[in-house]
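*Asks:* The primary structure of each chain is shown beneath.
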Amino acid sequence: MRALVWNGVKDLRVETVDDPTIINPRDAILKVGATTTCGSDLHFINGLLPTMREGDVIGHEFMGEIVEVGPEVQDRKVGERVVVPSFIACNSCWYCEHDLYSLCDTTNPNPELQQPLLGYPTAGIYGYTHAFGGYAGSHATYIRVPHVDTNAFTVPDGVSDLQALFLSDAAPTGFMGADLADIAPGDTVAVWGAGGVGQMATQSAWLLGAGRVIVIDRIPERLALAREKCHAETIDYSAVDSVLEELREMTGGRGPDRCIEAVGMEGHGTGMQYAYDRVKQALHLETDRADALRQAILACRKGGTVSVLGVYGLTDKFPMGAVMNKGLTLRSAQQHGQAYVPRLLDHAQRGELDPSYLATHHFPLEEAVRGYEMFERKLDRCVRAVFTP
Amino acid sequence: MTPPTASSSERLVRTAAARTQGVARALRDRAPVGGDQGPTAIRQSITIERSREEILPIARDPHALSTVLGDLGRVATTGGDRFAWTITTPGDATTEFDTELVETPNGLLWRTADDADGMPAQLTLTFEDAPQDRGTEVALRLELELPPGTRKAAATVAGGLALKALHRFKALVVTGEVPTLRHTPAARDGGADHDLEG
Chain A
1 MRALVWNGVK DLRVETVDDP TIINPRDAIL KVGATTTCGS DLHFINGLLP TMREGDVIGH
61 EFMGEIVEVG PEVQDRKVGE RVVVPSFIAC NSCWYCEHDL YSLCDTTNPN PELQQPLLGY
121 PTAGIYGYTH AFGGYAGSHA TYIRVPHVDT NAFTVPDGVS DLQALFLSDA APTGFMGADL
181 ADIAPGDTVA VWGAGGVGQM ATQSAWLLGA GRVIVIDRIP ERLALAREKC HAETIDYSAV
241 DSVLEELREM TGGRGPDRCI EAVGMEGHGT GMQYAYDRVK QALHLETDRA DALRQAILAC
301 RKGGTVSVLG VYGLTDKFPM GAVMNKGLTL RSAQQHGQAY VPRLLDHAQR GELDPSYLAT
361 HHFPLEEAVR GYEMFERKLD RCVRAVFTP
Chain B
390 MTPPTASSSE RLVRTAAART QGVARALRDR APVGGDQGPT AIRQSITIER SREEILPIAR
450 DPHALSTVLG DLGRVATTGG DRFAWTITTP GDATTEFDTE LVETPNGLLW RTADDADGMP
510 AQLTLTFEDA PQDRGTEVAL RLELELPPGT RKAAATVAGG LALKALHRFK ALVVTGEVPT
570 LRHTPAARDG GADHDLEG
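Chains A and B are the protein sequences, given in the same order.
Number 310 in the working numbering belongs to position 310 of the first sequence; there are no gaps in the numbering.
Each number in the working numbering comes from the position in the second sequence (counting from 1) with 389 added on.
Accuracy of the hints is not assured; some may be wrong.
Said to hold, decoys possible - Ranges between beta-carbon positions, derived for each pair:
no. : chain 1 : residue 1 : chain 2 : residue 2 : range
1   : B       : L445      : A       : D149      : 26 to 36 Å
2   : B       : D522      : A       : P185      : 50 to 60 Å
3   : B       : T475      : A       : V67       : 36 to 46 Å
Hints in this document: simulated from the structure, not taken from any laboratory.
Quick reminder that beta carbons are idealized off the backbone N, C-alpha and C, glycines included.
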């Protein structure tokens with residue numbers, strides 16, 4: 001089959017690789033219907049995250065049709081149209097039993113690579129670094145899905161392939177961010193980042209009872225989408241002197257009640273702090289440009305909650321004093337998609353959540369390299385590039 | 390404050406570099422668990438969401454242990470409670486040792502048989518009830534005689550491999566299967582990682 005592979009820093013190519021096969025009895029093979037880019041892919045594409053291997057198939061946000069199941073698969077059937085969350089869960093360990101699916105204790109074949117970095121290993125993920133498992137990804141004709149009864153969700157009639165696609169990662173991540181923020185009815189919520197995850201976090205904040213949502217970014221078309229599709233107020237941080245001051249004035253001097261950070265380690269900013277991060281990152285003295293995270297912590301009202309969705313490595317100059325002295329609650333996780341996808345499918349089926357507008361650009365798999373270029377450089381107003389194998 | 394001159398800046402950089410090197414040497418030369426003499430002890434622990442009564446039969450089964458080891462090695466019985474272990478380390482070197490299995494009050498002990506060939510070794514699994522009905526705390530302790538000069542590096546590698554094996558053991562007990570990367574499609578080795586477990 002054909003697949004998009006990583007061959008080194010900033011070196012992606014579409015090459016021919018073997019088809020996946022059933023290995024374990026609860027596996028299934030999916031024919032990929034649609035697969036999309038994600039901002040977190042850029043971290044290893046650009047060499048900021050270790051343990052990639054030359055030839056790795058990438059991609060972790062996908063939907064498709066089941067074409068083969070293992071002998072012990074009970075619920076999923078050949079021919080079903082399904083969406084699969086990015087993290088692989090077993091539904092048998094303590095973490096899965098407590099809906100903490102991205103912390104699954106049994107699906108990472110390389111726990112010894114993660115333990116030194118994180119303290120404890122987490123779940124495997126498709127198409128990412130070998131510290132996160134080394135599984136082949138979804139930018140390919142076919143993909144193997146372990147524990148398919150746990151990890152694949154039937155897409156109901158009335159939900160299109162494109163709507164289902166973004167329920168693999170962007171939507172459950174955004175929804176989880178809003179969930180972790182513990183939004184009380186009428187709360188003012190600020191969201192940093194108007195990319196795919198930020199858009200979904202914004203829509204989710206409304207679903208969970210927010211009274212006002214403010215989105216911060218610098219890309220005009222993405223701020224426009226936040227206003228038009230997500231009914232949010234917006235701040236262009238490149239056009240104001242201080243995002244903190246803007247938020248303070250917009251909220252009667254209190255600050256937003258809940259802050260959701262959906263930017264991550266390759267954030268852009270202004271001023272000396274951003275310059276500091278750029279230099280240190282270039283010298284490999286830190287992995288993160290954490291401007292947005294610091295802003296969210298400083299902007300949040302006293303006693304509020306900061307929900308962190310951005311992917312980070314090692315962050316320098318973290319304002320722990322602000323967290324402590326303002327009594328903030330800081331919550332974070334990789335998406336526990338298996339806990340949220342059923343509800344999100346319901347929302348999508350009822351027309352309450354439609355993420356398909358994120359698919360601004362479509363490419364055949366053979367043109368996926370061009371798709372990533374457009375996605376990374378935000379060319380032609382690209383929000384997400386979708387590949388069809 | 391007098392701004393630093395080029396020569397004073399150079400002295401600062403050299404001093405910082407020397408102190409960094411000193412710290413690195415101290416960390417490099419720190420003795421591993423077990424000291425510089427005698428067997429090296431490797432420790433890892435994991436909590437498995439099953440009772441010890443459910444875990445014990447799997448731990449005693451050489452076929453299950455071979456499944457757990459995967460590409461790390463294999464285990465075979467040589468009669469009764471005697472086991473032959475073959476462990477493959479990075480670089481495709483192998484370590485072999487024969488053990489006899491003994492049940493202890495808290496778990497299982499595989500120790501090198503008195504008449505066995507190969508490297509002296511002792512593997513212990515101890516079981517304690519985990520709090521809050523979380524199952525069983527399983528502690529692995531592996532004692533190996535490692536050649537001087539390789540002890541520290543070998544201990545680090547062995548610790549990682551022990552962690553991998555313990556997680557695979559948990560996956561086998563809890564899910565009935567082991568996470569694997571066998572036949573993972575990739576643009577290397579002819580199109581897939583054919584034999585790689587992880």
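*Asks:* Which earlier hints can't be squared with this structure?
*Replies:* 2
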